[in-house]
Amino acid sequence: MSEQQADWLESEPAGAEVLHVDVRGYEGPLDLLLDLARRQKVDLASISILSLAEQYLDFIETAREGRLEVAADYLVMAAWLAYLKSRLMVPQAPSDEEPSGEMLAAMLQFRLKRLEAMRLAAGRLLGRGQLGREIFARGAGEALVVTRKARWEASYYELLKAYSAQRERGSVTEYKPFVRTVWSLQDAREILQRLIGDSAEWIAMDHYLAEYLAIPKDRSTIRASTFASSLELVRQGEIEIRQSETFGPILMRRKQVQQ
Amino acid sequence: MDGDGPPMSVRERQLRIVEAVLFASPEPLSLADIAPYVGEGADMSSLIEALRTQYAGRGVNLVRRGDRWAFRTAEDLGFLLRREEEETRPLSRAALETLAIIAYHQPTTRAEIEEVRGVAVGKGTLDLLMEAGWVRMRGRRRTPGRPVTYGTTEGFLDHFSLESLTDLPGLDELKGAGLLSSRLPASLQIPLPFDGDLREDEDPLDPDDQGDSGTERE
Amino acid sequence: MDGDGPPMSVRERQLRIVEAVLFASPEPLSLADIAPYVGEGADMSSLIEALRTQYAGRGVNLVRRGDRWAFRTAEDLGFLLRREEEETRPLSRAALETLAIIAYHQPTTRAEIEEVRGVAVGKGTLDLLMEAGWVRMRGRRRTPGRPVTYGTTEGFLDHFSLESLTDLPGLDELKGAGLLSSRLPASLQIPLPFDGDLREDEDPLDPDDQGDSGTERE
Numbered sequence: 001m002s003e004q005q006a007d008w009l010e011s012e013p014a015g016a017e018v019l020h021v022d023v024r025g026y027e028g029p030l031d032l033l034l035d036l037a038r039r040q041k042v043d044l045a046s047i048s049i050l051s052l053a054e055q056y057l058d059f060i061e062t063a064r065e066g067r068l069e070v071a072a073d074y075l076v077m078a079a080w081l082a083y084l085k086s087r088l089m090v091p092q093a094p095s096d097e098e099p100s101g102e103m104l105a106a107m108l109q110f111r112l113k114r115l116e117a118m119r120l121a122a123g124r125l126l127g128r129g130q131l132g133r134e135i136f137a138r139g140a141g142e143a144l145v146v147t148r149k150a151r152w153e154a155s156y157y158e159l160l161k162a163y164s165a166q167r168e169r170g171s172v173t174e175y176k177p178f179v180r181t182v183w184s185l186q187d188a189r190e191i192l193q194r195l196i197g198d199s200a201e202w203i204a205m206d207h208y209l210a211e212y213l214a215i216p217k218d219r220s221t222i223r224a225s226t227f228a229s230s231l232e233l234v235r236q237g238e239i240e241i242r243q244s245e246t247f248g249p250i251l252m253r254r255k256q257v258q259q
Numbered sequence: 001m002d003g004d005g006p007p008m009s010v011r012e013r014q015l016r017i018v019e020a021v022l023f024a025s026p027e028p029l030s031l032a033d034i035a036p037y038v039g040e041g042a043d044m045s046s047l048i049e050a051l052r053t054q055y056a057g058r059g060v061n062l063v064r065r066g067d068r069w070a071f072r073t074a075e076d077l078g079f080l081l082r083r084e085e086e087e088t089r090p091l092s093r094a095a096l097e098t099l100a101i102i103a104y105h106q107p108t109t110r111a112e113i114e115e116v117r118g119v120a121v122g123k124g125t126l127d128l129l130m131e132a133g134w135v136r137m138r139g140r141r142r143t144p145g146r147p148v149t150y151g152t153t154e155g156f157l158d159h160f161s162l163e164s165l166t167d168l169p170g171l172d173e174l175k176g177a178g179l180l181s182s183r184l185p186a187s188l189q190i191p192l193p194f195d196g197d198l199r200e201d202e203d204p205l206d207p208d209d210q211g212d213s214g215t216e217r218e
Numbered sequence: 001m002d003g004d005g006p007p008m009s010v011r012e013r014q015l016r017i018v019e020a021v022l023f024a025s026p027e028p029l030s031l032a033d034i035a036p037y038v039g040e041g042a043d044m045s046s047l048i049e050a051l052r053t054q055y056a057g058r059g060v061n062l063v064r065r066g067d068r069w070a071f072r073t074a075e076d077l078g079f080l081l082r083r084e085e086e087e088t089r090p091l092s093r094a095a096l097e098t099l100a101i102i103a104y105h106q107p108t109t110r111a112e113i114e115e116v117r118g119v120a121v122g123k124g125t126l127d128l129l130m131e132a133g134w135v136r137m138r139g140r141r142r143t144p145g146r147p148v149t150y151g152t153t154e155g156f157l158d159h160f161s162l163e164s165l166t167d168l169p170g171l172d173e174l175k176g177a178g179l180l181s182s183r184l185p186a187s188l189q190i191p192l193p194f195d196g197d198l199r200e201d202e203d204p205l206d207p208d209d210q211g212d213s214g215t216e217r218e
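As you go down the protein sequences, you meet chains E, X and C in turn.
My numbering applies: residue 1 is where the first sequence begins, and numbers increase by one.
My numbering applies: residue 1 is where the second sequence begins, and numbers increase by one.
My numbering applies: residue 1 is where the third sequence begins, and numbers increase by one.
Heads up, some of the hints might be wrong.
Stated by the list, open to error - BS3-like mimics (lysine-lysine), calculated; alpha carbons at most 30 Å apart, straight line:
| hint | chain 1 | residue 1 | chain 2 | residue 2 |
| --- | --- | --- | --- | --- |
| 1 | E | LYS149 | C | LYS123 |
| 2 | X | LYS123 | X | LYS175 |
| 3 | E | LYS41 | E | LYS85 |
| 4 | E | LYS41 | X | LYS175 |
| 5 | C | LYS175 | E | LYS161 |
Note that these hints are calculated values from the structure, not bench results.
Let the sequences and hints guide you as you build the complete structure.
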């Protein structure tokens, strides 16, 4: 195949030559069809698609009789051409929705013309003066050297900032976050429930919490969380709260059930 | 140095610079490439035009290649200067036809090339054309499957001595005969080869788009 | 091809051929090299002389190299082909940090810079600072391995408008300017940059000292 390709431009279509029963020289069924069409020695526009189809089918038939392996796409084309042939020979029924034989033939003709046109175009392109073959660029070209010189920019502030930031990063500062004990509202509520128990006596909150309040740094969180929880317990009707004066002790007891 | 001669006009100097820069570069250069050498405020188009006229009848011509310009030996001397390509393998028929279809039908997809040729296009064929610097991936067609669209390069124009795609041989006849359309001529308008930026039905390629990753077909 | 123009004289045609052949050749050519293209009976010397005259004032001249001939860019335009473009770019953070450390800690070695930065200093960074003209190799420290010592240059002082290195703000000034936080350990010291010729622990560089040839580190 490659040898045939090399001189395809020079080689005229084989004219009256005996058909070689060999499809290996062709690049597909369309290529073969075009070659057959050109053997008709007429303008592709006035070619007889019907006789072209017959030639193709003969060709394939001969090939198969000669026990040559024929590639699938050639057989597909053969089937299509057989169909085309039948449509060209049988007049179209009015109810027929399929494209007419004439339409199919025109389509094939168009494809053949287009392929041939592209072949001619390729040949004409190749026939033009080509760079490095007939047309030449400057042989002793000089590269245009553009050296890009970077002018670096940095401000004095950026410089000092960069230095300070690094020194600060580098200096190991001892820092231990201050860890606070925190009573959660949930904890406070449970403790309060347990401490009050069923007591019907008014007893000061601090009194209940005496055991915990021994640790000075925890006092605020214990008082705050307990008081907040106590309000919740009051709202739910579990306990009662009383305070007789501003800043006076907060008294608590189990809510008394009215008899 | 030019110490002795009469003082040179600014324009004369600009012309010499454009000439020197274009002469030095084996590759075509755009006006924007040359402008920095000439300096501010030069009328690049008129300089190029003047230079082109000066060289028109000479053995070396100033030619246009797409948006770029280059000095090339005169076309009519081709047969005298002709060097046989000994090292370069001639293009296969498949590659050459594929190149022609891309040139005349661009932007075009692999499926369209296959439709025209009636056979599958090996990926190797397209790779070869791209490696030669004649074909490039332009974008992706906004149709199902988003196929890659192919077009030619300025290197293609340069290699085949074409000023622009409209110089493609036989383009007008082909167009007139409706042979550049993808369907039967009667029903449609005839597209022209198009090497503008991107057509409305093309998407740009992602920077890392590898093209049709399809398996090797032959 | 050139069908339109007036008929070309034989001599004109010969000139065009000589011109094209010389243009296309990568090497200077002797008259004997060119003669086969021009054909029998051409007066090569006079053709070359005519061409030389035609190109004398142009951006490209025909010059003689021994007994060979070649087109060359006009001498007075040679500088054009090697154009320099400057672009301002901000210094990278790594370079800025390295520069700052060198400024304060000079004379300092790469290992010392890395110790302050906490990360490796690429050779590229130091090269860049030297290329920018802000940092120089001062000498070699008289310690095992004899590492190169780096310092800043006059160009550095110029760029940052400093009269001398002692103008660099010290610890208290940096704190006062809010650049250093006040919650720093008392042990933190800011060195006083040294810009004398060589410190007592530095050896001068040999004239051909290439600096740390160490492998690229990043």
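Hint check results:
1. LYS149/E to LYS123/C: holds, 19 Å
2. LYS123/X to LYS175/X: holds, 28 Å
3. LYS41/E to LYS85/E: holds, 21 Å
4. LYS41/E to LYS175/X: Judged against 30 Å, a Cα distance of about 24 Å means the pair holds.
5. LYS175/C to LYS161/E: holds, 11 Å
The structure is consistent with each of the numbered hints, conforming to all of them.
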